[in-house]
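S.K.: So you can see what is in the structure, the chains are spelled out below.
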Amino acid sequence: MATQILLKNIDVPGLAGFQVYRNLGGYTAVEKALKTLTPDEVTDEVKKSGLKGRGGAGFPTGMKWGFIDKQSGKDRYLVCNYDESEPGTFKDRHIGTLNPHQLIEGMILGSYALGAKTAYIYIRGELFYVLNIIEKAIQEAYNNGYLGQNILGSGYSLDLYCHPGAGAYICGEETALLESLEGKRGNPRIKPPFPAIVGLYGCPTVVNNVETIATLPWIINNGSDAYAAIGVGNSKGTKLISACGHINKPGIYEIELGLPVEEFIFSDEYCGGIRDGNKLKAVVAGGSSVPILPAELILKTAAGQPRLMSYESLSEGGFQTGTMLGSGGFIVMDHTTCIVKNLLTFARFYRHESCGQCSPCREGTSWMEKILTRIENGQGTTKDIDLLVDISKHVEGNTICPLGDAAAWPVASAIRHFREEFEEHIKLQKCPF
Amino acid sequence: MPLLKVTIDNIEVEVEAGTTIMNAARKIGGSVVPPAMCYYSKLEGSGGKCRTCLVKVAQGSAKDPRPMPKLVASCRTLVQDGMVVQNITSPEAMESRQAITEFLLLNHPLDCPVCDQAGECHLQDLSYVHGLQETRTVEERRTFKPIDIGDKIKLNMNRCILCYRCVMVGDQITEKRVHGVLGRGDHAEISTHIQRAVDNDFSGNMIDVCPVGALTDNTFRFKSRVWFTKPFDAHRECKKCSGKVVLWMKGEELLRVTGRKDKYGELEEFICNDCRFDHKETGDWVIEGPRTIERHSVISQNHYLTNPGDAVRIVK
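Residue numbers (the numbering used here), protein chains in the order written: chain B, 14 to 446; chain W, 47 to 362.
Hints listed in this document are in silico derivations from the structure and should not be mistaken for laboratory results.
This one's a predicted model, so the numbers in the text were calculated from it and none came from an experiment.
Treat the hints loosely; a few may be bogus.
As the list claims (entries may be wrong) - Pairs of lysine-lysine, DSSO-like flavour, derived with a Cα cap of 27 Å:
hint : chain 1 : residue 1 : chain 2 : residue 2
1    : W       : Lys200    : W       : Lys286
2    : W       : Lys88     : B       : Lys197
3    : B       : Lys354    : B       : Lys262
4    : W       : Lys222    : B       : Lys197
5    : B       : Lys204    : W       : Lys51
6    : B       : Lys60     : B       : Lys48
7    : W       : Lys309    : W       : Lys296
8    : W       : Lys73     : W       : Lys116
9    : W       : Lys286    : W       : Lys276
10   : W       : Lys296    : B       : Lys204
11   : B       : Lys149    : B       : Lys45
12   : W       : Lys309    : B       : Lys383
13   : W       : Lys109    : B       : Lys83
14   : B       : Lys406    : W       : Lys285
15   : W       : Lys309    : W       : Lys286
16   : W       : Lys326    : W       : Lys200
17   : B       : Lys204    : W       : Lys88
18   : W       : Lys326    : W       : Lys269
19   : B       : Lys83     : B       : Lys61
20   : B       : Lys204    : B       : Lys45
21   : W       : Lys285    : W       : Lys222
22   : B       : Lys383    : B       : Lys443
23   : W       : Lys307    : W       : Lys269
24   : W       : Lys326    : W       : Lys296
25   : B       : Lys204    : W       : Lys73
26   : B       : Lys204    : W       : Lys116
27   : B       : Lys45     : B       : Lys60
28   : W       : Lys276    : W       : Lys309
29   : W       : Lys200    : W       : Lys109
30   : B       : Lys262    : B       : Lys21
Construct the complete structure from the given sequences, taking the supplied hints into account.
M.R.: Below, the structure is given as structure tokens:
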């Protein structure tokens, strides 16, 4: 059985309540850190653990913390990015619903390391019921002295707030999140300056994903060496994968990074194979924005090596033959799936969610969606495929924030690997599925 | 403070620390200046949105000579000592500018023949230099009905490129902004907040900062093509603003009053609505003399041929 950091006690009834969590060893990491470690020692532990940001980009967490401006003397903030809204990704919802105290404990540890006196959990608007659970848990943590003034007599004080968004995917982009948290329209900011220097209310800020933060208590309790011992290469620790699509057992799995993709899809411990004994056609491995890969490339790399669930292995081959681990939204498609229709669904999402601030994303996402609608409905022309590639190329990299890239990659990759399916739509003047 | 050396399209210029690539290029002037559809030097926080000014940074600085991985918005990227920038000498930047122009025109009605902005429209200029010869889209364009936002300002949302300049005028020049961007993505639009009208002493500047024909002057609407009017510098005593304006005359008739714009189309000073809308008699003004306007696009069609340095059109 693989090591469980986030889902170990997830089935224990009442885990969302303070006492049950405490009885299972909860808040011991806060006690250990506040009583025996300095903030810099906590940061060092996280650096040594090799933990990477779990929101999608995979940036080393300790390094991110290291960038925060401690010289200016301004207040510092830790913000938890709970705006999980990537199609295919539904892992963070699980943590907040069933194990909110682990997230709160992580927030205390992170805030302590950064020297933040105030921290925020920015939660997606649609997850209103989770907001209620987390707010109740925050209140319990206050009542038991883990939040508020002078926590455990250590002299360290922290206020934690949970703030709901209004339901925009773009607010998951960290600077748009900060704008939204400040009460403004959620438009991404132009970087630099980065949030580590100018973040929330103009102060140095770190924004971390829910899963990243919820991992911190385990690292402090068990040590960075124990965490770094899990995983493969530079992909340390465990990762939540939300598996969905045409598999026998969709759900949220905690895997040790380095698990072979083939084992993840076909073993009974995880996805349990493809539904109805169908043939695997394609996988979107890390949430809707990462490049789609056909069966042969997701199971084995172009070099013929088994593909592993790790940052390095999934991105091996670049975007030509590889993809990304992303946020862990694992979407499996069997041979009955129309790639064009699936792509249209993604394109429609990105069109709807583009903030409209910069022109390539605003116009490009809607143009791509319109062309894909035509192709799927049998009104495409042969020029359309190259036009789509051209548009995606000019959206990618030219936008203010990564939403443009996220909209362009699925289009480029679907055409790269499944061009004949687009051609068939155009030839038949209808969807062949 | 020592000056920073930056090279733009093989031309070296020295600028103060904190200068953007755009402003360093403007210091050189001429064809190396990237076009700006959203950046406006007088409006704080403007720029970065339209992406027409993307340039290639071939060398980050003398200390760290690595190139920047992506094209950068020249209006928002600060120069470093020893930076090497390629604007018109970078095929990559030119290709992306052509693509951005196509994006900006995608939902644009191309109604220049009936648009008051024609002749002083930045989008028209941009498409003149960087536009494709033919349109590649067959999709229906998004359309809105023109509306009055305030009694003097007509909003034609079809032409808007969402540069946010008028929003910043609302924030920075007027007392209280009552309009803004509603909605997201390609369905975003400029509009007033529910049942409000833009009505304040400086709202007219929204018309002047608008790079396209989205916000036009109701008192001038359909009166004349701008190239049939002659500009004169003029001033009057005004308690609210500097009173320094440009009068646009057709024969004896004063058709329009605007602020004075520099060669980048930016206002030298913001003017009040009294001067702009309510003093349409020549007797109201002390006329200083004819104003030289750097005329471009449809006003003088051969402009690009007489100045080969500007001939940076990509023919595809």
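S.K.: Are the hints correct? Go through all of them and say.
M.R.: To see whether the hints hold, each was checked on the structure:
Of the pairs offered as hints, the one joining lysine 200/W and lysine 286/W holds, with about 23 Å between alpha carbons and a cut-off of 27 Å not exceeded. Proposed proximity of lysine 88/W and lysine 197/B is supported: the alpha carbons are some 22 Å apart, at most 27 Å. Between the alpha carbons of lysine 354/B and lysine 262/B the distance comes to roughly 23 Å, so the proposed pair stays at or under 27 Å and holds. Simply put, lysine 222/W and lysine 197/B have alpha-carbon atoms about 16 Å apart, close enough for the 27 Å limit, and the pair holds.
Straight-line distance between C-alpha atoms of lysine 204/B and lysine 51/W comes to about 23 Å, which keeps the hinted pair within the 27 Å bound. With a C-alpha separation of about 20 Å, the suggested pairing of lysine 60/B with lysine 48/B holds against the 27 Å cut-off. Of the supplied pair hints, the one linking lysine 309/W and lysine 296/W holds, its CA atoms being roughly 23 Å apart against a limit of 27 Å. A C-alpha spacing of about 24 Å is found between lysine 73/W and lysine 116/W, which places the hinted pair at or below 27 Å, so the restraint holds.
Of the pairs offered as hints, the one joining lysine 286/W and lysine 276/W holds, with about 26 Å between alpha carbons and a cut-off of 27 Å not exceeded. Distance restraint check for lysine 296/W and lysine 204/B: the Cα-Cα separation of roughly 47 Å exceeds the 27 Å cut-off, and the hinted pair is therefore not satisfied. The suggested pairing of lysine 149/B with lysine 45/B holds, with an alpha-carbon distance near 24 Å, which does not exceed 27 Å. Distance hint between lysine 309/W and lysine 383/B is unfulfilled; the C-alpha atoms sit about 39 Å from each other, more than 27 Å.
Only pairs whose Cα atoms come within 27 Å are accepted, and lysine 109/W paired with lysine 83/B is accepted, the gap being roughly 24 Å. A distance of roughly 53 Å separates the Cα atoms of lysine 406/B and lysine 285/W; the hinted pair therefore is violated under the 27 Å criterion. Using a Cα cut-off of 27 Å, the hinted pair lysine 309/W and lysine 286/W holds, with the two alpha carbons roughly 25 Å apart. The suggested pairing of lysine 326/W with lysine 200/W holds, with an alpha-carbon distance near 19 Å, which does not exceed 27 Å.
Restraint check: the Cα-Cα separation between lysine 204/B and lysine 88/W comes to about 20 Å, which is no more than 27 Å; the hinted pair holds. Distance restraint check for lysine 326/W and lysine 269/W: the Cα-Cα separation of roughly 13 Å lies within the 27 Å cut-off, and the hinted pair is therefore satisfied. Annotation: proposed proximity of lysine 83/B to lysine 61/B holds, straight-line Cα distance about 21 Å (limit 27 Å). Straight-line distance between C-alpha atoms of lysine 204/B and lysine 45/B comes to about 37 Å, which puts the hinted pair past the 27 Å bound.
For the given pair, lysine 285/W sits about 20 Å from lysine 222/W by alpha-carbon distance, which is consistent with the 27 Å threshold. Between lysine 383/B and lysine 443/B, the direct Cα distance comes to roughly 16 Å. Compliance with the 27 Å bound is thereby established for this hinted pair. Taken as a hint, the lysine 307/W and lysine 269/W pair is honoured in the structure, with Cα atoms around 21 Å apart against an allowance of 27 Å. Of the supplied pair hints, the one linking lysine 326/W and lysine 296/W holds, its CA atoms being roughly 12 Å apart against a limit of 27 Å.
For the hint pairing lysine 204/B with lysine 73/W, the CA-to-CA distance comes to about 24 Å; that is within 27 Å, so the pair holds. A distance of roughly 13 Å separates the Cα atoms of lysine 204/B and lysine 116/W; the hinted pair therefore holds under the 27 Å criterion. Of the pairs offered as hints, the one joining lysine 45/B and lysine 60/B holds, with about 18 Å between alpha carbons and a cut-off of 27 Å not exceeded. In summary, the hint linking lysine 276/W to lysine 309/W is supported, as the alpha carbons are separated by about 17 Å, within the 27 Å threshold.
The hinted pair formed by lysine 200/W and lysine 109/W fails the criterion: a straight-line CA distance of about 51 Å is larger than 27 Å. Taking the CA atoms of lysine 262/B and lysine 21/B, the gap is about 19 Å. The hint holds against a cut of 27 Å.
The earlier numbered hints that this structure contradicts are 10, 12, 14, 20, 29.
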